[in-house]
Amino acid sequence: MDRKKLYKGWEEQASKELRDKNLEDHLWETPEGIKVKPLYTEDDLQKISHEIGLPGLPPYTRGPRATMYTNRPWTIRQYAGFSTAEESNKFYKEGLKNGVMGLSVAFDLATHRGYDSDHPRVVADVGNAGVAIDSIEDMNLLFDGIPLDQMSVSMTMNGAVIPVLASFIASGEEQGCPREKLTGTIQNDILKEFMVRNTFIFPPKPSMRIVADIIEYTSKKMPKFNSISISGYHMQEAGANQVQELAYTLADGKEYIKSALERGLNIDEFAPRLSFFWSIGMNFFMEIAKMRAARYMWSQIVKEFKPKNDRSLALRTHCQTSGVSLMEQDAYNNIVRTTIEAMAAVMGGTQSLHTNSFDEALALPTKFSARIARNTQLIISEETGICNVIDPMAGSYYVESLTSSIVEESKKLISEIDEVGGMVKAIEMGIPKMRIEESSAKRQARVDSNEETIVGVNKYKPTEKQEINILSIDNEEVRKRQVSRLQKLKNSRDNKIVESFIEKIKNAASSNENLLEICIEASKNRCTVGEMTSAMESVFGRHNLSTKTISGVYKNTVKNDGKIDIIDNELSKFVNKKGRRPRMLVVKMGQDGHDRGAKLIATAFSDLGFDVDIGPLFQTPEEAAKQAIENDAHVIGVSTLAAGHKTLVPLLMESLKNNEASYIKVICGGVIPPDDYPFLYDLGVSKVFGPGTNIQEAAIEIINLL
Amino acid sequence: MKLKSYLKLFKISNIDFSKEIGISNVSLSRYISGERLPEKKILNKIFKLTGGLVDANDFFLSSSPSRDLSEIHKEEIKKMVLNIRKGKLKDLAKAITLVESSLKLHKAQADFLLSKLKQNKNSLRVGITGVPGVGKSTFIETFGMSLIDLGFKVAVLAIDPSSKRTGGSILGDKTRMMKLSVNKNAFIRPSPSQGNLGGVAKKTSESIRCLEEAGYNIIFIETMGVGQAETTVYDMVDIFLVLLLPSGGDELQGIKKGIIEMADVIIINKADGNLKNTAEITMLEYKNAQNMISNIREDISPEVFLCSSTESIGITKIWNFIKKFEKIRRDSGSFYKTRIQQQTKAIWRNIFLQSQDYIENNLKYKDSVKKIIKDVEKNNFDVNNASKIIFDSILKRNT
Chain C
214 MDRKKLYKGW EEQASKELRD KNLEDHLWET PEGIKVKPLY TEDDLQKISH EIGLPGLPPY
274 TRGPRATMYT NRPWTIRQYA GFSTAEESNK FYKEGLKNGV MGLSVAFDLA THRGYDSDHP
334 RVVADVGNAG VAIDSIEDMN LLFDGIPLDQ MSVSMTMNGA VIPVLASFIA SGEEQGCPRE
394 KLTGTIQNDI LKEFMVRNTF IFPPKPSMRI VADIIEYTSK KMPKFNSISI SGYHMQEAGA
454 NQVQELAYTL ADGKEYIKSA LERGLNIDEF APRLSFFWSI GMNFFMEIAK MRAARYMWSQ
514 IVKEFKPKND RSLALRTHCQ TSGVSLMEQD AYNNIVRTTI EAMAAVMGGT QSLHTNSFDE
574 ALALPTKFSA RIARNTQLII SEETGICNVI DPMAGSYYVE SLTSSIVEES KKLISEIDEV
634 GGMVKAIEMG IPKMRIEESS AKRQARVDSN EETIVGVNKY KPTEKQEINI LSIDNEEVRK
694 RQVSRLQKLK NSRDNKIVES FIEKIKNAAS SNENLLEICI EASKNRCTVG EMTSAMESVF
754 GRHNLSTKTI SGVYKNTVKN DGKIDIIDNE LSKFVNKKGR RPRMLVVKMG QDGHDRGAKL
814 IATAFSDLGF DVDIGPLFQT PEEAAKQAIE NDAHVIGVST LAAGHKTLVP LLMESLKNNE
874 ASYIKVICGG VIPPDDYPFL YDLGVSKVFG PGTNIQEAAI EIINLL
Chain G
665 MKLKSYLKLF KISNIDFSKE IGISNVSLSR YISGERLPEK KILNKIFKLT GGLVDANDFF
725 LSSSPSRDLS EIHKEEIKKM VLNIRKGKLK DLAKAITLVE SSLKLHKAQA DFLLSKLKQN
785 KNSLRVGITG VPGVGKSTFI ETFGMSLIDL GFKVAVLAID PSSKRTGGSI LGDKTRMMKL
845 SVNKNAFIRP SPSQGNLGGV AKKTSESIRC LEEAGYNIIF IETMGVGQAE TTVYDMVDIF
905 LVLLLPSGGD ELQGIKKGII EMADVIIINK ADGNLKNTAE ITMLEYKNAQ NMISNIREDI
965 SPEVFLCSST ESIGITKIWN FIKKFEKIRR DSGSFYKTRI QQQTKAIWRN IFLQSQDYIE
1025 NNLKYKDSVK KIIKDVEKNN FDVNNASKII FDSILKRNT
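For the protein sequence lines, the chains are C and G, in the order given. In this text, residue positions in the first sequence follow this note's numbering: the first is 214, and each later residue adds one. In this text, residue positions in the second sequence follow this note's numbering: the first is 665, and each later residue adds one.
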């Protein structure tokens, strides 16, 4: 029978089942703007624009290796940093005993921003969200008893990438491992920092030069080391949809290639060492299609630079399950979410994977939750049989169609970037940041109006409260230990030699000398991360972000189910009573640059009719208090995601009190362990909002509070 | 003449006078202090008894600032003024809130507060305008910091647009003034444009006076360069700066031509990197165009400058010109003369605002007015006659 007729028969049957509903209404438009049909057939396979091919061969759509998991499964690589080098070291050793195959280091925010632990601006940041590394001494402790010539190490570092990588290399050599034997990855992806994560230090131009320095050095001296991990992860975390994540990441990659070529490198010298990093969220098939589309598109992009080695065309990637998909409410659901996301990453053909712990929306993982996260991967790998077949999704009518749609949509975004003259330019103009924030506001509006379901959050809410044990860190204790270790280091080293290296680094920064090379020697001679950074800073300057905001997107997307009317009503009552609109200052204090939450709150609340002040990133509590008083805000909204609240909020309250401004109310939002709520309420905080809070309900609560 | 002065002049005791009119002594002292207004009947009696020397106006004029204010509120405000002079941020910030507020009580408090402030002749009020993205905040950051280094105290009032639809706003100016916003000698206050009836911009001159009382001697007023706010702000400042982007052509960059004509200083900003050449061409174009425009100041012509806030180019030249501008105009007396003229304009602006307030919050709700409007809706009445009758009713009310 003719295929067309077969399809027609289905249509009739389906229409019958739908009765008075229309088949057209069953088109699903994804957040990326892709229209998904209820049924895909052989016909759709004829229309795809990408080439499927075979694994291990260009264009690598089916995977970068010919054998994929049939020979060796992906690497289980759990990202972790436990405030001090000693504790992290213990965690790594524990993991290695239990099936983890590679290490992944998370650094604390002070290190990311190139401050030593004794710097006054980082009082609340030391040991938060990762390990504090001030010098080679800390590196030595971190890898104590872990043979670096056998263990691959991945380091999430972008801002202070030179001093940290230098300390790592130097530490390896002190351990007896020559640099050419080091394996692993350094994230070194500064462009996305300017776009979403904000842990940059220097302005874009010198930052790009540093990236090139590292690519150049590793391609010549460290052949087994991945010089860069071009990351879409943080974009999706910041609210980007999958097409944006893919397109902007590939465009970043293109920019890095260009800057390495400008350095005089040959494409085949470094392209095989470029790696990628995706976030895997809950849109199962979309994620699989994204990973396949990425490999196809990257091969096409690199081809333009005329490589001779086919390996230059292959995209290798690390994946992590999505952090924003984790919810504070009904937190055990997160185990299930992570499992589904891990499945998508595996079906999509990842080379290594991190699975989140279910309590990460509340705090850093405990031993127990970290174990479940690891086991999730071990179960998929060893109990399901998935590893026995390469790229099982290939040829699926739906997945191949979706892959093709993603390729087409991403191409549009990439050409928008190309038109303005590349990613650096586009970032300066704020294009990608704005588009991502737009998506983020739209998504929040969909969740707030129940158009997108999150089980346990906006539907099927639990009736009883669950107790979850979480890990809390005494940040002050960690800081004291780091500071005393720094003191010891500074007393025992030869400070004259240190001085001379500081001069050498300055000279290298103002000339074309490779900064990594000189910093390796500087680390060996006990220069600290902060000292090396400020030497470079004296030449490059420190970058300040000008914050751009969007408006109207939330209001345009959200459906009015009566709450908006309530808010309008409450607002006009407020204005009649107080003579102006409620004014809220949204602040981010400390070195935590994740401003997705703060931006989202700002744009949504102003759309709802508040006057919203925003503070600069990286404020101190005193600066935040001054701003709130000057602007005469009714309330300060503290956005915190990096556990700094226990130090920063008390300082903020104190500062308000000292200025006789305790009439200004304080509320907190973000990743705050429920165990800390009483602590905050005792300080006088009026309200704490966790992840997954409905913004409209929060708005009503805040108006009533004032 | 005031009743108090009349009684003093003719040596009449309060008790005697109250008996003559037929009111209690307490009521009389309330009339004298301005706490309460005499009714029409009493007014007539006073008028007759004093032979017309004390009339209704004498009560209205004396009572205006403090009419609705209790003693407690007055004390609060007096304390606030003292604290402002001492440099307490909190009180300065609260004062600006009162000035901007739409609440009746706040307005009365603000009126009383303003009556307690001194005139400051030494400050310099600088208006800055330009389209979004031209780099106003970054310019003020660089310029303001260099002024602080010279020993000045700098204040910035930024007027940000409110959303027409939701009324809310995002005020992000300080994110672009990172150094200035944390400096002890700087005060930055962004205000939403729709915060007050008729727009906050119209209340800016009052905010300026609060800042001057607190000792800020250079005050920047930043506006968007696209709307009505600029003309209003122009009438409050001593010198007016317009920032432009480097771009050729006669497309006036989205900024209104009238605004450029008001400029004392035109600044082609972002003259750095590969925009440098374009900036120079733009500067020439504006220099040529300046010849065509008649000078608004009689004693000094406007000038055009190149500037890069990120590379700190042009800042010194601009400051030198501003100093020259100020000196010439202070020496000739035109500096102060302009301020006097601005005061007259401010009186009419305030009257206009108050009338508008009266219309919005009072007149529109009157039964007689509502009835007339109903009649117009039903076509029983034409628009012209209806408006005339309503307007006449206002005039009658006040005579």
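A portion of the hints provided could be inaccurate.
[Said to hold, decoys possible] Computed footprint of chain C on chain G; a stretch qualifies when at least three of its residues, placed anywhere within it, have a C-beta under 8 Å from a C-beta of chain C:
{"no.": "1", "segment": "757-766"}
{"no.": "2", "segment": "824-832"}
{"no.": "3", "segment": "847-854"}
{"no.": "4", "segment": "1004-1015"}
[To be verified] Using 27 Å as the maximum straight-line C-alpha spacing, the simulated DSS-like pairs for lysine-lysine come out as follows:
{"no.": "5", "chain 1": "G", "residue 1": "848", "chain 2": "C", "residue 2": "790"}
{"no.": "6", "chain 1": "G", "residue 1": "712", "chain 2": "C", "residue 2": "878"}
{"no.": "7", "chain 1": "G", "residue 1": "828", "chain 2": "G", "residue 2": "782"}
{"no.": "8", "chain 1": "G", "residue 1": "1060", "chain 2": "C", "residue 2": "878"}
{"no.": "9", "chain 1": "G", "residue 1": "843", "chain 2": "G", "residue 2": "771"}
{"no.": "10", "chain 1": "C", "residue 1": "791", "chain 2": "G", "residue 2": "843"}
{"no.": "11", "chain 1": "G", "residue 1": "712", "chain 2": "C", "residue 2": "790"}
{"no.": "12", "chain 1": "C", "residue 1": "878", "chain 2": "G", "residue 2": "780"}
{"no.": "13", "chain 1": "G", "residue 1": "771", "chain 2": "C", "residue 2": "791"}
{"no.": "14", "chain 1": "C", "residue 1": "638", "chain 2": "G", "residue 2": "940"}
{"no.": "15", "chain 1": "G", "residue 1": "848", "chain 2": "C", "residue 2": "878"}
{"no.": "16", "chain 1": "G", "residue 1": "782", "chain 2": "C", "residue 2": "790"}
{"no.": "17", "chain 1": "G", "residue 1": "738", "chain 2": "G", "residue 2": "712"}
{"no.": "18", "chain 1": "G", "residue 1": "752", "chain 2": "C", "residue 2": "791"}
{"no.": "19", "chain 1": "G", "residue 1": "828", "chain 2": "C", "residue 2": "791"}
{"no.": "20", "chain 1": "G", "residue 1": "782", "chain 2": "C", "residue 2": "878"}
{"no.": "21", "chain 1": "G", "residue 1": "771", "chain 2": "C", "residue 2": "790"}
{"no.": "22", "chain 1": "G", "residue 1": "1028", "chain 2": "C", "residue 2": "786"}
{"no.": "23", "chain 1": "G", "residue 1": "754", "chain 2": "C", "residue 2": "418"}
{"no.": "24", "chain 1": "G", "residue 1": "709", "chain 2": "C", "residue 2": "791"}
{"no.": "25", "chain 1": "C", "residue 1": "878", "chain 2": "G", "residue 2": "1042"}
{"no.": "26", "chain 1": "C", "residue 1": "870", "chain 2": "G", "residue 2": "709"}
{"no.": "27", "chain 1": "C", "residue 1": "790", "chain 2": "G", "residue 2": "1028"}
{"no.": "28", "chain 1": "G", "residue 1": "666", "chain 2": "C", "residue 2": "638"}
{"no.": "29", "chain 1": "G", "residue 1": "940", "chain 2": "C", "residue 2": "870"}
{"no.": "30", "chain 1": "G", "residue 1": "750", "chain 2": "C", "residue 2": "719"}
{"no.": "31", "chain 1": "C", "residue 1": "870", "chain 2": "G", "residue 2": "782"}
{"no.": "32", "chain 1": "G", "residue 1": "848", "chain 2": "C", "residue 2": "870"}
{"no.": "33", "chain 1": "C", "residue 1": "790", "chain 2": "G", "residue 2": "828"}
{"no.": "34", "chain 1": "G", "residue 1": "817", "chain 2": "C", "residue 2": "786"}
Because the hints were derived from the structure by calculation, they are not lab data. Beta carbons: idealized from backbone N, C-alpha and C, even for Gly.
Need the status of pair residue 782 of chain G, residue 790 of chain C: alpha-carbon distance at most 27 Å? 30 Å, violated
Holds or violated: residue 870 of chain C with residue 709 of chain G, Cα cutoff 27 Å? Judged against 27 Å, a Cα distance of about 56 Å means the pair is violated.
Given the proposed pairing of residue 771 of chain G with residue 791 of chain C, does the C-alpha separation stay at or below 27 Å? Given that 27 Å is the threshold and the Cα spacing comes to 12 Å, the pair holds.
Take a quick look at whether residue 750 of chain G and residue 719 of chain C sit within 27 Å of each other, Cα to Cα. 45 Å, violated
So if I understand the rule, the pair passes when the alpha-carbon distance is 27 Å or less; does residue 848 of chain G with residue 870 of chain C pass? 18 Å, holds
Given the hinted pair residue 712 of chain G and residue 790 of chain C, is their alpha-carbon gap at most 27 Å? Measuring from Cα to Cα gives roughly 43 Å; hence the hint is violated.
Take the C-alpha atoms of residue 828 of chain G and residue 782 of chain G, compute the straight-line distance between them, and say whether it is at most 27 Å. 36 Å, violated
What's the verdict on residue 638 of chain C and residue 940 of chain G, does the C-alpha distance respect the 27 Å limit or exceed it? Cα-Cα ~17 Å, so holds.
Within 27 Å, alpha carbon to alpha carbon, are residue 940 of chain G and residue 870 of chain C? At roughly 49 Å apart (the allowed maximum being 27 Å), residue 870 of chain C and residue 940 of chain G break the hint.
Run the distance test for residue 754 of chain G versus residue 418 of chain C: straight-line Cα separation, threshold 27 Å. Violated, at roughly 41 Å.
State whether the coverage of the segment 847-854 of chain G by chain C holds or is violated, taking the criterion as 3 or more residues with Cβ-Cβ distances under 8 Å. holds (count 4)
Is it true that the CA of residue 790 of chain C sits at most 27 Å from the CA of residue 1028 of chain G? 21 Å, holds
The earlier numbered hints that this structure contradicts are 4, 5, 6, 7, 8, 9, 10, 11, 12, 16, 17, 20, 23, 24, 25, 26, 28, 29, 30, 31 and 34.
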